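As they're listed, the protein sequences go chains C and X. Position one of the first sequence corresponds to residue 22 (the working numbering), numbered consecutively onward. Position one of the second sequence corresponds to residue 709 (the working numbering), numbered consecutively onward.
Don't take every hint at face value.
[Said to hold, decoys possible] Derived coverage of chain C by chain X (criterion: at least 3 residues anywhere in the stretch with Cβ under 8 Å from a Cβ of chain X; other residues may be distant):
| id | region |
| --- | --- |
| 1 | 83 to 91 |
| 2 | 141 to 154 |
| 3 | 314 to 321 |
| 4 | 449 to 458 |
[Unchecked claim] Estimated spans, in silico, between C-beta atoms of each pair:
| id | chain 1 | residue 1 | chain 2 | residue 2 | range |
| --- | --- | --- | --- | --- | --- |
| 5 | X | R808 | C | P29 | 43 to 53 Å |
| 6 | C | T347 | X | R808 | 48 to 58 Å |
| 7 | C | L513 | X | A958 | 51 to 61 Å |
| 8 | X | V803 | C | A351 | 34 to 44 Å |
| 9 | C | L513 | X | V803 | 38 to 48 Å |
Calculated from the structure, these hints are not laboratory results. A quick note: this is a predicted structure, and the numbers were derived from the prediction, not measured. Every residue gets a Cβ at the ideal spot worked out from N, C-alpha and C, and that includes glycine.
What follows is each chain in one-letter form.
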Amino acid sequence: MTARESFPRLLLAEWTKLRSVSRWVITLLGAAALTIGLSYLAASGNKTNINEHADFVSGPHGEPVADAFYFVHQQITGDTTLTVRVASLTPEPARRAVRMGSDQMTKLEDPSPFAQPAAGIMIKDGTQPGSSYASVMLTAAQGVHMQWDFDADRKGSARSGARWLRLVRSGNTITGYESADGAAWQKIGTATPKNLPSTVEIGFYVSSPAAVYTTRGGGSSSVGDRPTSAQAAFDNVQLGSGGTWHGESIGDNDRLSEKGGVRGGGRVTEANGTYTVVGTGKIGPQPPDDDMLEAALIGVIAGLMALIAIGVLYATSEYRRGMIRTTFAATPRRGRVLAAKAIVLGTTSFLVGLVGVVGSFLLAIPILRKQGFTPPGFPRPSLMDDSVLRTLLLTAAFMAGVAVVGLAIGVLLRHSAAAITITIVLVLGPLIVGMILPGTSPKWLMYTTLAGGMATQRAKPPTITLAEPWAMIGPWAGIGVVAAWVAVTLGLAWWQLRTRDA
Amino acid sequence: MMAPRPLRALRAEWTKLRTLPSTGWLMLLAIAGTVSLGCAITGSLEYAHCESPCTLDLTKLSLAGVRLGQVGIVVLAVLTVTAEYSTRTIQPTLVAVPRRLLVVLGKLGVLAVLGVATGVLAVAGSLTAGRTMLPGNGFTAAHGFPALSLADDLTRRAAIGTVLYIGLITLLGAGLGLLLRDTAGALTGAFALLYGSPIVAMFVSDPRWQHRIDRFSPMDAGLTIQSTRNLAAEHIGPWAGLGVLSLYAAAAVIAGLIAFQLRDAG
């Protein structure tokens, strides 16, 4: 028999072993049922009132956004061109650590281009917070950017210092340009904001996002922010028609000025054609850190335990019953047996996990929506969203990966109790320890242990503002850690199978 | 002259456990796990980094290693029961001692003694480590942190409670083993019971539900007795928390006993 013929047969043989033990089949079905059941039960334990005292508004696509800045603007109808020179931009220095209440908090550095102090020009659908816009801006540390509708960003040159900026509206498109001298212009990008009526507000603005401070550890986390302001000078302001400029703070700045921000949200003064503007606030996406999808997948931890038990037993029961000698007599090449086992177990666990997470999603999301997880803070997730699909598939892959690690550890140790204990501790131990450790230190535990795979359950980007340690790393990093464990433990198991008597 | 039957059953179980090399190793693992995680936590604390007023509960932190160390004792308890089934030793055992209640009581008695002995060593090690290391990190009497001492009522209660906690965890594991007769199932069940709830509590944002989970989960409720500061913030009283854990242990042991009485020894 050639190798090509025998491997599918080997897969079939291993699949028959797995499916003919009725206890395992029940446990596999139980893993899916446990996942769905615990998710369903625990969903009613999650409640949020974030929409009631929100610091965000609904953007043009219904997503939660921040829209606060100081805008010097006038109304204009039809196609138009606005050119200014940003002569200077001076952000307010923010302290790295502050005390709020009884907590010592450190500043959260946010590299997002939407989280930088900026001075720029903007075309906006009225002055209502959350309305469509397109803008070109000079940021304090990241050069020139063009942004629109709170999520689109094009990078311009990385220059700092004085910069000429220009926005050209032609019909439904807005094109952004920059220049060093006002003569040679480089195009940055073209925007088509969602709502752009013929009459819009146009002008120049300054924004400066609040500095966010966090502390975590001991099983909890807290977040606070302090408003900051920035000052910029604009000169060579050229607009096709010559109306009068009118300064206005956009967004809810009463809240900001209360906490020690700029009174009234900012100001503008003019001398010899140079406008000096002070502004505060952020323009950009502002999703809450809490993750609705993660809240809907709580049961994964229960299903995972059952899959670990199956994975380990799938290896150790062959040793306990002496079955392994028959197996190796039938297929003397031991590496292939291990590969077949890993493929059969991995595929089965992936499918079981997928049934579990999709079922959890379908059952738990409606409950969460009743408990306050509603727009604008939490747009309704759909199975077709990229982030939802990624989360569900990666979570199922995480469950399958952990089951295969259980199999490999089972082969290595040949002892059910030890292998189950070690695999469970590898997943759960770092979570327990990570909750206690302060600051960002648990990040390294997440990068090195199977617990990092929990990060696959988050649909949102990593954050250190939450108590759960796995929120610190991204989902791809999480699945990467699991894949590395699968590779290393399977490698060790293969090496040991070759060198040790059965 | 032969000793009375219950004593003989006890001695037989003791001999079985004593002669297994894994017993000693697992007890050592439990003690080493507890003491080393406790050392890692107390070693990372610095008075200089603690904001005043510093309200760290040093007794609780020193003893926190039990959350990891209990793994060893759970494995010991489960294996003591289930290994007899996988090796079929259970049949000669029942031939020698036909009264099943005696067999189970013998096992539970020996396990409880081993559990408590492990607990005493682990707690003594953790507190000694805390007592030696903490003053070096600035936690001195001058700063309002007298050295950990059993003379202090609350610390003594935490120490005794932790020893009892380990004893009860041993019984819980043995009960699950009797009930399920299967190493993998009993271990998975025991770990899910102990570690599942604190992880679910991390996901849950509703404080009422967090309160419920902390009140009724065996590990969190049972370890409330380690608290020596800010007791009002705990979700359940110290002894009531151990009570919750003993209910779990009793339920597992009783269900296991009934199953053991009724079922054939396969």
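Now for the hints, and whether the structure bears them out:
1. 83 to 91: violated (count 0)
2. 141 to 154: Violated, because only 0 residues of the region 141 to 154 of chain C bring their Cβ atoms closer than 8 Å to Cβ atoms of chain X.
3. 314 to 321: holds (count 3)
4. 449 to 458: holds (count 8)
5. X:R808 <-> C:P29: 43 to 53 Å: Holds, at about 50 Å.
6. C:T347 <-> X:R808: 48 to 58 Å: 36 Å, violated
7. C:L513 <-> X:A958: 51 to 61 Å: 42 Å, violated
8. X:V803 <-> C:A351: 34 to 44 Å: Given about 38 Å between the Cβ atoms, the range holds.
9. C:L513 <-> X:V803: 38 to 48 Å: For L513 (chain C) and V803 (chain X) the Cβ distance comes to about 42 Å; the hint holds.
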